[in-house]
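**Q** Based on the sequences and whatever the hints tell you, model everything.
Protein chains in written order, with the numbering used here: chain A, 1 to 371; chain B, 1 to 371; chain C, 1 to 371; chain D, 1 to 371.
Any given hint might turn out to be false.
As the list claims (entries may be wrong) - Below, simulated EDC-like cross-link-like pairs (lysine to aspartate or glutamate); rule was C-alpha separation at most 20 Å, straight line: (1) A:LYS267 / B:GLU174; (2) A:LYS57 / A:ASP41; (3) D:LYS267 / C:GLU174; (4) D:LYS57 / D:ASP41; (5) A:LYS117 / A:GLU189; (6) C:LYS267 / D:GLU174; (7) D:LYS117 / D:GLU368; (8) B:LYS267 / A:GLU174; (9) A:LYS176 / A:GLU189; (10) B:LYS176 / B:ASP41; (11) D:LYS117 / D:ASP344; (12) C:LYS57 / C:ASP41.
To be verified - Partial list, computed: chain D residues near chain B (C-beta under 7 Å): (13) GLY287; (14) GLU290; (15) ILE291; (16) ASP296; (17) ALA297.
Think of the hints as simulated: they come from the structure by calculation, not from any bench.
Where is the CB? At the ideal position from N, CA and C, for every residue including glycine.
Protein chains: 4
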Amino acid sequence: MRRLRMGLIGGGAGAFIGPVHRIAAELDREIELVAGAFSSDPARSRQAGDIYRIDPKRAYPDVATMLATEAGRDDGIDFVTIASPNHHHFTASRMALRAGVAVMCDKPATATLAEAKELAAIIARSRRPYGLTYTYSGYPLVREARARVAAGALGIVRKVLVEYPQGWLAGAAEGKQALWRTDPAQAGEGGAIADIGVHAFHLAEFVTGLRVTQLLADLAAVVPGRVLDDDCQVLLRFNNGARGVLLASQIMVGERNGLRLRVYGDKAGLDWSQEQPNILTWRHGDGRTEIIQAADAGLGPDARWATRTPGGHPEGYLEAFANLYRDFARQLRGEEGSLLPGIDDGLRGMAFIHLAVTASRAGAGWVEFEV
Amino acid sequence: MRRLRMGLIGGGAGAFIGPVHRIAAELDREIELVAGAFSSDPARSRQAGDIYRIDPKRAYPDVATMLATEAGRDDGIDFVTIASPNHHHFTASRMALRAGVAVMCDKPATATLAEAKELAAIIARSRRPYGLTYTYSGYPLVREARARVAAGALGIVRKVLVEYPQGWLAGAAEGKQALWRTDPAQAGEGGAIADIGVHAFHLAEFVTGLRVTQLLADLAAVVPGRVLDDDCQVLLRFNNGARGVLLASQIMVGERNGLRLRVYGDKAGLDWSQEQPNILTWRHGDGRTEIIQAADAGLGPDARWATRTPGGHPEGYLEAFANLYRDFARQLRGEEGSLLPGIDDGLRGMAFIHLAVTASRAGAGWVEFEV
Amino acid sequence: MRRLRMGLIGGGAGAFIGPVHRIAAELDREIELVAGAFSSDPARSRQAGDIYRIDPKRAYPDVATMLATEAGRDDGIDFVTIASPNHHHFTASRMALRAGVAVMCDKPATATLAEAKELAAIIARSRRPYGLTYTYSGYPLVREARARVAAGALGIVRKVLVEYPQGWLAGAAEGKQALWRTDPAQAGEGGAIADIGVHAFHLAEFVTGLRVTQLLADLAAVVPGRVLDDDCQVLLRFNNGARGVLLASQIMVGERNGLRLRVYGDKAGLDWSQEQPNILTWRHGDGRTEIIQAADAGLGPDARWATRTPGGHPEGYLEAFANLYRDFARQLRGEEGSLLPGIDDGLRGMAFIHLAVTASRAGAGWVEFEV
Amino acid sequence: MRRLRMGLIGGGAGAFIGPVHRIAAELDREIELVAGAFSSDPARSRQAGDIYRIDPKRAYPDVATMLATEAGRDDGIDFVTIASPNHHHFTASRMALRAGVAVMCDKPATATLAEAKELAAIIARSRRPYGLTYTYSGYPLVREARARVAAGALGIVRKVLVEYPQGWLAGAAEGKQALWRTDPAQAGEGGAIADIGVHAFHLAEFVTGLRVTQLLADLAAVVPGRVLDDDCQVLLRFNNGARGVLLASQIMVGERNGLRLRVYGDKAGLDWSQEQPNILTWRHGDGRTEIIQAADAGLGPDARWATRTPGGHPEGYLEAFANLYRDFARQLRGEEGSLLPGIDDGLRGMAFIHLAVTASRAGAGWVEFEV
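**A** Shown next, in the form of structure tokens:
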């Protein structure tokens with residue numbers, strides 16, 4: 001069975017997430033990076049191609065050229081990964097899908113909700129696999145949590161707490177990564193809510209299997225002079241009546257990437273933190289607290305499938321990311337079982353951002369969650 | 001210098017908090033329990049007197065008798081501690097103060113905000129010391145946190161997260177402690193918000209030195225059939241513009257007493273958890289994370305004063321509680337430096353409960369915090 | 001039932017452990033400090049009496065006077081607590097026992113093994129209660145661990161790791177507490193091995209129910225100019241064939257009081273740390289890791305008896321210490337169930353110190369453990 | 001710059017470490033797996049080649065064929081990785097080096113100390129790069145620790161504690177991985193000491209920069225019927241006079257892969273655990289405890305070079321392993337700066353195993369560490 005061939009869009013010099021996609025895609029040797037349109041500047045795209053050590057001829061100056069040229073090769077790309085800034089996501093996705101090429105897209109799916117809806121229609125027509133890298137859904141213990149909740153191990157879910165504290169934007173934005181995220185022209189209408197809040201939102205729905213039906217949003221730009229939100233506190237209602245709180249902030253000084261999910265049912269509670277991803281705390285209704293560890297004997301098939309090393313050999317962010325690519329490869333090969341987020345998750349994420357931003361501006365009050 | 005003499009109101013058989021007051025008061029040998037009106041049933045009051053091993057003659061059938069009789073003794077009580085159910089707090093406080101006896105009262109100050117206002121006036125007239133046992137303000141590292149914030153170590157406070165998860169009321173209420181807390185006739189208008197939410201509220205104001213000016217409350221009775229709230233999510237605004245979230249819940253299965261406070265300024269962030277009270281995490285703006293431990297050499301005078309043992313010898317809840325009594329003793333002796341909460345804190349706490357309950361019922365929306 | 005009356009030997013100004021004994025003894029109101037021979041300097045003894053707020057007439061200039069005078073009172077002391085330096089322990093114990101007064105003694109029992117043997121004989125003849133405050137055996141979860149091991153929950157014990165890192169003597173000794181501990185004239189033949197190693201030794205035997213039968217000791221005085229050991233590494237064999245390691249050091253910079261015990265059987269393993277005393281980690285043979293917390297519903301009677309507050313309300317060092325006094329009170333009242341260490345533990349501790357010191361000097365090699 | 005070409009020896013079906021080498025080698029796209037002699041059974045070797053998705057012609061039946069055939073290709077392998085059982089390490093290394101092919105070898109270097117010495121001579125003559133995958137030296141914070149110790153941040157190192165608890169061999173050996181490790185014919189003279197003890201030994205020397213000069217070993221086969229040691233306790237002396245303890249065990253039920261290193265100097269102490277590899281605890285001499293995290297701004301060049309993701313995005317075992325391959329690639333390209341262990345470390349490791357086993361058999365006593 002040959003390796004699937006990947007063309008990378010974006011991921012040129014100075015990028016963080018492009019190289020992460022490359023590592024994740026290739027980790028299990030099911031996929032190989034063979035081409036790229038790494039930058040809108042042809043010279044920079046070639047330079048990136050050298051850094052990735054691909055065939056110089058396949059470092060293209062733009063997406064259209066890549067799609068056209070690769071289509072003419074016997075060993076042309078099977079899919080593109082889109083890791084360019086958010087405002088390119090829609091166009092690049094559309095181009096690829098129209099060319100019959102599958103798409104793996106970094107989140108968010110698009111820059112606006114309207115684009116996301118249009119993209120959903122395009123995907124439906126194209127019938128090509130489309131995946132969205134909500135990275136944290138790739139962690140083995142997140143999948144274990146999801147499976148246990150689905151099996152009723154929490155009982156009826158009543159309460160969901162999801163928080164995503166970061167501190168790196170607590171001061172004035174400096175550097176490429178900070179600048180585009182705080183610029184409405186590049187980032188869209190949401191700041192922290194779009195950058196990290198949407199991850200928290202997805203994680204909560206992914207693990208609980210519930211859907212948010214109402215929210216009350218209180219967003220603010222705390223750092224003087226900032227336009228986009230950098231601190232978000234959102235109250236939630238879920239479709240089974242469960243209540244929740246979502247916090248996302250980039251001004252919590254000293255916090256790294258503290259995504260944490262707690263879910264409580266009427267029988268038990270669970271607690272997972274991204275910075276200690278190989279531990280899942282389970283609080284049983286009888287008072288026992290259990291520390292579930294990655295690769296434990298009692299884990300279910302989803303978690304086992306997503307684990308490469310024995311217990312006590314920590315896996316991390318890159319391995320979680322790679323699990324999304326393994327899922328994607330299953331889809332490309334027509335196999336079952338993928339848990340990879342797709343455009344439905346993308347739509348919900350865009351709706352979440354839009355609703356949170358607009359509702360917060362309008363003065364906090366409960367709004368219906370509609371996609 | 002003689003020991004101060006304490007008369008205990010409440011704290012009869014089956015009580016949790018009465019014995020805690022006794023231990024806390026006597027821990028440092030500045031105070032001695034000598035009398036009590038432990039129960040409204042005279043026989044039970046005598047029986048409790050035996051258990052506390054006090055002079056049987058000083059186990060009184062009611063508060064009035066205790067106050068009158070003790071007033072006639074050369075070695076009569078210096079103060080009363082009120083540890084009876086909430087709806088007695090006001091009456092007992094008033095009786096004692098009118099008799100010229102100082103009062104240490106378990107929180108909440110009264111059963112209603114109106115009572116609290118009346119009590120404030122009585123206290124002002126009486127000029128006797130009045131203390132309120134917001135226990136968690138007695139922890140050494142809480143006081144260290146407070147002192148550092150006051151000294152500007154966080155910079156300008158921007159964000160406050162305070163949470164108080166418990167799980168013991170996740171099922172139907174059973175037992176004396178659960179039953180009165182879920183009964184509006186005994187507990188007042190608030191459930192979890194009054195039982196624990198108000199602790200979280202006080203802790204946030206105590207450490208930050210800020211005052212809540214607005215809140216948006218979302219309270220619910222999650223357990224089927226329950227009348228009073230058991231799950232509270234509250235958004236906060238502080239008088240310097242800082243934003244915050246307060247969570248208090250008694251349906252988070254498996255949680256014990258997880259009060260936790262996080263405060264972030266523009267320079268640094270702090271993190272303290274009641275279940276690990278001898279650790280204070282300090283996140284410096286330059287990325288360094290420091291674990292401050294009780295009895296560390298670098299601690300300030302408030303924390304040192306509140307610590308009895310060397311580093312690595314854990315102190316806990318009873319010692320924190322005892323610090324409130326040491327504060328109270330300082331007040332009784334006319335000494336400076338007490339950080340003991342008083343009726344102002346009591347008023348704010350009652351206002352918080354009342355506002356949260358009424359605002360939540362009215363449909364969530366921001367309300368002004370007024371006392 | 002009246003409170004038992006305590007006379008304190010030692011515990012004058014600047015003492016650490018004397019006040020700890022006082023707090024611990026009185027915490028549960030079964031015992032009351034009424035007298036003391038706090039210092040060999042009569043003025044200082046009177047001054048200490050004032051600080052403890054006892055009747056000035058009962059602050060005695062020496063032990064003999066206290067014993068004689070108290071014997072003549074109707075409300076004379078029931079027991080003495082010996083908290084003076086180690087080299088007084090034997091003499092004070094003997095005087096009290098000969099006067100028919102029970103003894104609670106801070107560890108170690110005596111300054112030498114020979115004294116300990118003589119004391120054992122005196123105790124046997126006196127038939128008065130004699131207790132030794134190996135503090136850490138008072139923690140609820142230590143007692144839970146002991147009960148579970150005794151019930152076979154670990155299976156056959158195979159491996160014992162006990163470590164006691166401290167760092168406060170990593171530099172030149174400064175201050176009263178450091179100076180006497182590093183002075184052979186006051187501390188005896190052992191430094192860290194006698195000060196803290198013996199605690200670790202006792203804890204290991206207490207929890208496992210096993211007895212050390214052989215040891216191999218490697219002790220050193222690491223700090224330049226120091227005479228007594230400050231760093232100890234000891235290999236152990238137990239009477240069932242189990243193997244073990246005991247580490248005790250006072251030169252591990254930055255460590256506070258990190259006593260930790262790990263025991264592994266053929267079925268499960270346990271892990272307890274003094275600085276987080278309300279958690280007991282249990283590693284089940286099937287891979288599950290359980291976090292047992294103080295006051296959990298599933299705890300046995302020994303742990304429950306030793307716990308005063310509900311789950312999540314941390315208890316610490318003083319409460320553990322107080323449990324030893326509750327045990328002692330049971331003995332004084334002729335009740336069953338005490339787990340308080342006695343002279344047998346004292347003898348074994350003195351033998352451990354002596355063997356470790358002498359065997360290490362002789363060049364490391366296995367020696368038989370004999371008392 | 002082209003990718004370096006790797007030929008894998010071993011790593012066939014059911015292997016754990018072979019795929020780990022493959023992932024690690026390719027993670028940074030500097031290296032590519034192109035060939036292999038995956039099994040001594042030609043059919044199984046071909047099958048493994050398919051799983052790795054390499055050119056079927058380059059899945060060889062044996063090492064000699066691989067070396068000979070690849071030598072004739074323009075795009076032949078640049079190096080071999082040896083991931084076959086220990087008793088093949090020497091022969092395979094010799095064959096490759098004689099063929100002028102560089103070698104990356106899984107630890108241990110050889111099956112016996114004599115072989116290791118012979119291999120060292122071969123390597124010296126061959127002048128080809130030779131690397132040994134002591135995995136744990138690849139973690140960023142291990143390298144940070146090493147750099148800080150070298151810069152004097154601990155002061156003079158006095159005490160080293162290294163422990164490596166596992167529990168998976170606490171019962172009778174079952175499965176391929178367990179069976180060969182407990183079989184002297186395949187594993188050599190050491191059990192746990194060779195499998196994991198040697199990792200602990202290397203880590204201690206790697207971080208401290210010190211060399212063990214004496215040891216006292218106490219090894220045992222605890223599980224009934226086992227021949228090789230499964231529980232090791234070893235006392236250490238280092239060349240600067242520092243003292244230490246090394247523990248390695250595979251019978252500590254419930255432990256996964258708990259390698260932990262603590263080092264104390266006269267100024268500070270450090271603490272690192274493999275299962276939480278992104279945290280390094282630093283205990284300063286003034287009492288401050290600092291939590292250093294991967295990707296922190298204050299880290300030195302070695303740690304930064306070894307880190308791929310921003311703070312809070314956990315990296316783990318595979319990334320640490322990949323750092324060794326990045327080091328090896330530097331060596332192959334003639335670049336400076338590699339920290340990859342080599343044959344000197346291999347020799348010391350083999351000597352450590354041999355000394356520990358033989359000294360323990362002879363009855364515990366101090367032996368000189370000689371290579």
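**Q** Hint by hint, note whether the structure agrees.
**A** A quick look at each hint next to the structure:
1. A:LYS267 / B:GLU174: holds (17 Å)
2. A:LYS57 / A:ASP41: holds (15 Å)
3. D:LYS267 / C:GLU174: The given pair, whose Cα atoms are some 17 Å apart, holds under the 20 Å limit.
4. D:LYS57 / D:ASP41: Distance of about 15 Å is within 20 Å: holds.
5. A:LYS117 / A:GLU189: holds (17 Å)
6. C:LYS267 / D:GLU174: holds (17 Å)
7. D:LYS117 / D:GLU368: Roughly 18 Å between the alpha carbons, so the hint for D:LYS117 and D:GLU368 holds.
8. B:LYS267 / A:GLU174: Distance ~17 Å between B:LYS267 and A:GLU174 Cα, so the pair holds.
9. A:LYS176 / A:GLU189: Satisfied, since the Cα-Cα distance of roughly 18 Å is no more than 20 Å.
10. B:LYS176 / B:ASP41: Holds, at about 17 Å.
11. D:LYS117 / D:ASP344: holds (9 Å)
12. C:LYS57 / C:ASP41: Holds, because 15 Å separates the two Cα atoms, which is no more than 20 Å.
13. GLY287: Cβ of D:GLY287 sits 5 Å from chain B, so the hint holds.
14. GLU290: holds (6 Å)
15. ILE291: holds (4 Å)
16. ASP296: Holds. Min distance 5 Å.
17. ALA297: With Cβ-Cβ at 5 Å, under 7 Å, it holds.
Of the numbered hints stated above, none is contradicted by the structure.
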